[in-house]
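Undergrad: Here the protein sequences come in this chain order: A and B.
Quick note, the first sequence lines up with residues 1 to 241 if you use our numbering.
Quick note, the second sequence lines up with residues 1 to 109 if you use our numbering.
One should not assume that every hint holds.
[What the hints assert, rightly or not] The calculated lysine to any residue pairs, modelled on SDA-like cross-linking and capped at a C-alpha distance of 25 Å, are: (1) A:K99 <-> A:D159; (2) A:K237 <-> B:A13; (3) A:K165 <-> B:G68; (4) A:K228 <-> B:A37; (5) A:K165 <-> A:W112; (6) A:K237 <-> B:M14.
Hints listed in this document are in silico derivations from the structure and should not be mistaken for laboratory results.
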Amino acid sequence: MTSESLNVEVWRGGATGTFQTFTLPRRQNQTVLDVVTEIQREQDATLSYRFACRVGMCGSCAMVVNGRPRWTCRTRVSEAASAEGALRLEPLRNFTVVKDLAVDMAQFFDKWRDAHGYFQPAAQRPADFAVVPPATPARQAADAGIECIGCGVCYSACDVVAWDKEYLGPAALNRAWTLVNDVRDAGQAARLGAVAGDDGCQCCHTHMSCTSFCPKAIAPTYSIAGLKRTLFWQALKGGTR
Amino acid sequence: MTAALFLAQRISAMVLALAVAVHLGTILYAVRGGLTAGDILARTHGNLGFALFYSVFVVGVAVHAPIGLRNVIREWTPWRGPALDGALAVFAVALLALGMRAVIAVYIA
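Generate coordinates for the entire structure from the input sequences, incorporating the hints supplied.
TA: Here's what the structure looks like:
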């Protein structure tokens, strides 16, 4: 291998499979997504992977690159490749692999639903618009986690999900926390009940892998800590079992 | 872990943090000049403060340890449900009974 070429090991198969090695030219400012696309277009059209926007907005191109979950479109080969100039590409961890680098996101988003990660309007329409000053602590807490685009990087990085497949995971709990801090939401009791279960926020070990790997610099660990705090005081008052 | 178990685990942890510190500090202080079983029993016999302190300690352990063990088992094995909770309830009662037996034994010895 010369410095102008790149050795790339790519996962082929589903839950079981093997790594296939490709060699392709090293290019300036090449991203990992460029590498995957070039392999598919120039060397093996059967390679399956997922992407859409290519600019870090959709979150669909997340993969495990040399052991770290990341957006491949926003990862340059120069920052991800090993010292020998090699790349190892795997599908996101903790997801069911559909084929090669494409994973099934269904369970991930099912858990958003299970964590009540959706806005619940009141039964009666409010008399007037809710006034939500941006400087209030609740709104600031919601803002801190609101930019999640559901890429699954945190879920892939989470060791607790790896141990307990039923654990709701950092993304769903982060979304729930943003809604706990939404003063307009009318579904708080059900939401807190949903995130307080045996597979809820209390399972988090505060490893902070989600926070470390989040490409949006969101800190789901702090959101989960917020849920734990809220539930602690609520349980102390006898509100949540 | 449910919110009630989480609450119980956190509060018992706070109790144990204090109790373990007092327990270890007392041991280190008491054995400086050497200590025999007879010396220990002479100090604990009829000492209500000692009995109350270690009763709190034992209750803290009986609450804290089974909840932690339940979390470990749920994470590392497929064992779930009422059988697991029942087994750990038995474990909690056993810890409480054995611990209180020891406290009472040295209190009345």
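Undergrad: If any of the earlier hints don't hold here, list their numbers in rising order.
TA: 4
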